[in-house]
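Protein chains: 2
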Amino acid sequence: MLQTITWTGQAARLLDQTKLPTETIYVDITSETQMWDAIKRLVVRGAPAIGVAAAFGVYLGVRDWPDDDQIGFGKRLEEVCRYLATSRPTAVNLFWAIERIQRVASTIRSAEIEPAQVVRTTKQRILDEALAMLEEDNRICRSIGEHGVKLLAPLASSQGPINLLTHCNAGGLATVRYGTALAPVYVGAEQGLKFHVFADETRPLLQGSRITAFELQQNGIPVTVICDNMAATVMSEGKVAAVIVGTDRVAANGDVANKIGTLGVAILARHYNIPFYVAAPTSSIDLSLPTGKQIPIEQRDAREVTEGMGRTTAPPAAQVYNPAFDVTPANLVTAIITEHGVAVAPYEASLKDMCQRKD
Amino acid sequence: MLQTITWTGQAARLLDQTKLPTETIYVDITSETQMWDAIKRLVVRGAPAIGVAAAFGVYLGVRDWPDDDQIGFGKRLEEVCRYLATSRPTAVNLFWAIERIQRVASTIRSAEIEPAQVVRTTKQRILDEALAMLEEDNRICRSIGEHGVKLLAPLASSQGPINLLTHCNAGGLATVRYGTALAPVYVGAEQGLKFHVFADETRPLLQGSRITAFELQQNGIPVTVICDNMAATVMSEGKVAAVIVGTDRVAANGDVANKIGTLGVAILARHYNIPFYVAAPTSSIDLSLPTGKQIPIEQRDAREVTEGMGRTTAPPAAQVYNPAFDVTPANLVTAIITEHGVAVAPYEASLKDMCQRKD
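Line order of the protein sequences matches chains D and E.
Under my numbering, the residues of the first sequence are numbered 1 to 359, in order.
Under my numbering, the residues of the second sequence are numbered 1 to 359, in order.
FYI, nobody ran anything at the bench for these hints, they're computed from the structure.
Mixed in with the good hints there might be a few duds.
Which copy is meant is left open, because identical chains are indistinguishable; a pair holds if it fits in one copy or across any two.
Unchecked claim - Here are the simulated EDC-like pairs of lysine to aspartate or glutamate, each with C-alpha atoms no more than 20 Å apart in a straight line:
1) K150 - E190
2) K293 - E348
3) K19 - E307
4) K239 - E298
5) K194 - E146
6) K19 - E348
7) K123 - D69
8) K293 - E237
Only a predicted model underlies this, so the values are computations on that prediction, with no experimental measurement involved.
Modelling step: build the complete structure from the supplied sequences, incorporating the hints.
So this is what it looks like as structure tokens:
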């Protein structure tokens, strides 16, 4: 089974997702600069996985700091956290994970520990927290799967599988395991439900055809790859019972940032009266932002569009617009599936409720 | 200036559009089998250009037939026409052009010509008809441009250019010159109007980024390439004043077959209250089909999706759905711009009217 992120004891081992589906190569990340680069280049991607990766990145950035330099350590920790936060702007899990690590570190400094042990203990707690996040991600995704499958199971019919459409990859390879959007599929399959998934290829970086199709195939779930612009056709042909996607950040009002193209899919789903579900761990919900308008949208290199797949596909010097994400307004979202339950409109109240639940 | 199709005296010279934008290579087509292959492989593409290419293909298929074998010639002509009609199924211009050539040929046979000259004369008239279609296409596209610009000019503002979005290529390289969807842009630019065009790249074969962006750039029209899945975003940002596309076949009720992805764009345009215009020579209007449901949709090789750009972008043996066209229902079409004027709903009446006009 493919492992998105593991801790070797010395390094964070990442599956290099830029090489899928033709090569499965693991890289050992041993410094914060390597982790920054891995996040930036999408070696590791998917909001939940980015969060965990960043947590290990913080540890890697401070682990060699001299144990006898407390003040310097505090400064270094701050510097590493700031640095890793610049790797990608949209997925809130990145900031959530870094803040969580910072919180752990600050708690320690104010506790009763022998002064000579503070730095060493802090390093250990940071690593422990990163490892805890790795473990938690499994449980959270599993729980999203269990809540999600309750929404999808009623779509089953005697005629055949439950036909879903997904965009980008919010599967096991976007998380530690299970995934968010695909978790209900994996959990449902364990329960004997049959699924078939249309995977939008998801230009420009093709996470849908390269990664979603790959992991579904590996897990025995029937999948059909389509170009992004074919989603309307398969919906018009009655082949899609529900859309399910992940998210990089949900605003307090339920607006959802996700991979570019998600907004279009949501509008099409509305046009054809197809439910549009978003799977989101509560770590992706950013109650500090009132609406999606405040979510920063990453702009990426034009060459992803013009030379993305080994061939020049646009004239040289062509002007290109390449936002990596878009924002789907809450009114197009049927429900948001979290690890604590399913949130529906009005989202201001339901998302706040989900974020407060501990179960 | 690039020439989609020219007649050299001995051959139909085609710009090989599969090589754009990195190479501009012309190929001389000297037989009907070469022409079939050129149409099938999209060396020449775009409904109007396919029609003209097929007309030359018919001539190339009969020109070497012995002048003294009238009966054999009739059989051969029939065979060549049937054969060329199998190259691609969706663009009605292909069948329209072939039928037009057949009509010319049958008229000649019943006219008063010295028996020994019938075959030779028929060949010449077929060539003349193909050349006439080449000329006509120029005039028709120019006329579409003039009618279309009347719809687009009111969108001009003092703030900047008229922002359009187009899908696939219905420009000069889809016709002999000017294009259909882009004709209003070229005609408007001559009149001093400023335009900016968002070109959907148009997966899987990227006619938008490879061809539309290329020809607009060559013609000095500002263009921005986007992935297909970014159309919703640019519309949501208020950056699109109108959508304009071409068509491969319009049914009697106004349903429009065009490059896969057009349906999605039309739904998005409706969602954002943006006019959605279709440019169509009357040769693309098929009054024999009551609705778009009867339009045959070409399915193409899965490898266009999985290996289309020089790199394997989906797992081996991935299931793929690759329809080359979709059908946009008439209720999403704001107007259909023909060489005889602008048709609006109810399309049954207005399209019939356009097809009967001679001006």
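Checked hints:
no., hint, result
1, K150 - E190, "within (13 Å within a copy, 60 Å between copies)"
2, K293 - E348, "within (15 Å within a copy, 43 Å between copies)"
3, K19 - E307, "both (16 Å within a copy, 15 Å between copies)"
4, K239 - E298, "between (32 Å within a copy, 19 Å between copies)"
5, K194 - E146, "within (15 Å within a copy, 55 Å between copies)"
6, K19 - E348, "neither (40 Å within a copy, 52 Å between copies)"
7, K123 - D69, "within (13 Å within a copy, 94 Å between copies)"
8, K293 - E237, "between (34 Å within a copy, 11 Å between copies)"
This entry does not satisfy hint 6, going by the numbered hints stated previously; all others are met.
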